[in-house]
Amino acid sequence: MARILLNDVRKSYAGNQVIHGITMEIADGEFVVIVGPSGCGKSTLLRMVAGLEAISAGTVEIGGKVVNELEPRQRDIAMVFQNYALYPHMSVRENMAYGLKIAKLPKAEIEARVAKAATMLELEPYLDRKPRALSGGQRQRVAMGRALVREPAALLLDEPLSNLDAKLRVQMRLQIKEMHLRTGQTTLYVTHDQVEAMTLADRLIVMNKGVAEQIATPLEVYQRPASEFVAGFIGSPAMNIFTVSAAEGRATLPGGAVLPLPGLPRGGDLRLGLRPEHLRPAAPGEAAIPVVLRSVERLGADAFGYGMIEGSDVPLVLRLPGTSGLARGDRVEVAPDPGHLHFFDAQDGRRIEG
Amino acid sequence: MRRTVFPHKLLPWLLLAPQLAITLIFFYWPAAQAFRQSVLREDAFGLKTTFVGLANFRKVLGDPNYLNSVRVTVVFSVLVAFCAMAIALFLAVQAEKIVRGKGFYRTLMIWPYAVAPAIAGMLWLFMFNPSFGTLAWPLRQMGIYWNPLLDGEQAMALVVAAATWKQISYNFLFFVAGLQAIPRSLLEAAAIDGASRRHAFWTITFPLLAPTTFFLLVVNTVYALFDTFGIIHAVTGGGPGKATETLVYKVYNDGFVNLIMGDSAAQSVILMIIVIALTAFQFRFIERRVHYG
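Taken in order, these protein sequences are the chains called A and B.
For the first sequence, the numbering used here assigns the number 300 to the initial residue and increments by one for each residue that follows.
For the second sequence, the numbering used here assigns the number 1272 to the initial residue and increments by one for each residue that follows.
Be aware that one or more of the hints could be misleading.
To be verified - Here are a few chain A residues that face chain B, going by a calculated C-beta distance under 7 Å:
| id | residue |
| --- | --- |
| 1 | L351 |
| 2 | A353 |
| 3 | G357 |
| 4 | M378 |
| 5 | N382 |
| 6 | A384 |
| 7 | I401 |
| 8 | F541 |
| 9 | S544 |
| 10 | F603 |
Stated by the list, open to error - With beta-carbon atoms standing in for the labels, derived distance ranges:
| id | chain 1 | residue 1 | chain 2 | residue 2 | range |
| --- | --- | --- | --- | --- | --- |
| 11 | B | F1403 | A | A402 | 34 to 40 Å |
| 12 | A | R431 | B | A1387 | 51 to 57 Å |
| 13 | B | A1385 | A | K403 | 55 to 61 Å |
| 14 | A | D327 | B | H1562 | 49 to 55 Å |
| 15 | B | A1548 | A | K403 | 42 to 48 Å |
Derived by calculation from the structure, the hints in this document are not laboratory data.
Quick caveat, the model's predicted, so the values are computed rather than measured.
Don't be surprised by glycine CBs; every beta carbon is placed ideally from N, CA and C.
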């Protein structure tokens, strides 16, 4: 168990900087998820903490010790890889015991720890099998077990669920969450899946192009996204974001409709963000956004209407009740929930507080 | 696996014909000839041939020179196979670590394979010739009385070195390919699990290379037993005394130099049996420990 401190961590390859200074403190026992689209540098950041990539600038501290110059084996960490990286020539038991044997733990202690992890992960029947005789989900659990038996200062997971099918992914997600609650292990988890990020994390780092766009709790990220990128990345379906021109408490929408908006921060061009779930049918006579639907997706409980703001080619997604009778070609007027308006700078995309 | 079905019966045989012809002419026919001759005895002038049953075999197996040759072969083969594989593995591991100019080093490493055995033998002969060898002089300066023309053990060392040198390239190539097939993440996982580089090599890399190593063991054994004839012929001619006369070399010596055809044929039959038995043994007992990924 330990605290991890990232202090202005940077990475460059041959003079080309790919991670532009990330500073963060991960508290003892905290579950932090690094989330972002592929190529945003999230895996690289994790690998720098693990010691598999050199740190170009800044420092990484684990348990009060700067580890920049330490080999992975000296950092007291364990890691779960995306492809699990199980040793194919060793049985499940040997895979889990590998690190403990190197640490020269007494035999009885090794057996006890492996047995405990096997019970927790329901792997007892497979202990003597080779990895190739296991299913994807079982392999994933072995990889988890191998990391957990070491009882490391920090647990690092690099997209551990992305090779599993959808159903298994949900199961494993719950299991990982439960395991974290039980062990209280400081955990750093990389994923591109926003659902994993939202459900697992105590705090999120949303990364884009090597920059931490926002570091906050999942709810904060959802309610007050720090930038247009974060707003568009977190939430499903994605937030509707379009340019409006604001003056005197009113915003002119694409297509020409004018909407009085409380809390407009300033005049001029702004980016307005409205989540699909925060748009409701407008009362008669109320100022509203006119939308022409192009298709309606019915998911049972909910339906999502995909359309354009009337008179423009700006797409807009609405959440509708599952029983909604609306169909392609219908025109609806919707009003935004005044408590859930997001404004972003038209130039740099940063959030503007209303 | 997908089965390809040809429209008629003739085409497959036609496609196989060249390989079959080569195998028949250069393997089965000579092998059959050897079997036939091993039970015959010819007189000194080649005028009369008599059937003698297994007499040739009894004579060969009772000959102390033959037993010496077996000993020489075991020493020679084990040394060549082991050294050629160990050095090649070491070099392959080192070459993998190089970041820049990898291709250049690899190409350099592969060159010796293109040198004909007799030429390679001559090269080593010249380098270590006791009177004018480039490398014989420094050896003498170091206080070693170097004379492979008289000292059997030195002669053995010389042919082992030449045969090994020739085979390293081949092994190197396979080991490099084998190393590249090992996923990087396994070694990263081992590093995080606390393994030092050396420990990770012996517990992860080496076991995962086993299919390559096993294949090379079979190939190198056969190489050391048969293909080294040219090198031995060029470097020592089996001498001094009979210190470097391997089984293959003795077959040649007895058959084509001393013209004792029956003995020589019996020896080659025995040799054939040894190689078949050895290969069968390797597949039966060593391959079991091989993990195919």
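Against the structure, the hints:
| no. | hint | result |
| --- | --- | --- |
| 1 | L351 | 5 Å, holds |
| 2 | A353 | 13 Å, violated |
| 3 | G357 | 21 Å, violated |
| 4 | M378 | 5 Å, holds |
| 5 | N382 | 6 Å, holds |
| 6 | A384 | 4 Å, holds |
| 7 | I401 | 4 Å, holds |
| 8 | F541 | 43 Å, violated |
| 9 | S544 | 52 Å, violated |
| 10 | F603 | 39 Å, violated |
| 11 | B:F1403 - A:A402: 34 to 40 Å | 59 Å, violated |
| 12 | A:R431 - B:A1387: 51 to 57 Å | 43 Å, violated |
| 13 | B:A1385 - A:K403: 55 to 61 Å | 48 Å, violated |
| 14 | A:D327 - B:H1562: 49 to 55 Å | 40 Å, violated |
| 15 | B:A1548 - A:K403: 42 to 48 Å | 44 Å, holds |
When each numbered hint is compared with the structure, violations occur for hints 2, 3, 8, 9, 10, 11, 12, 13 and 14.
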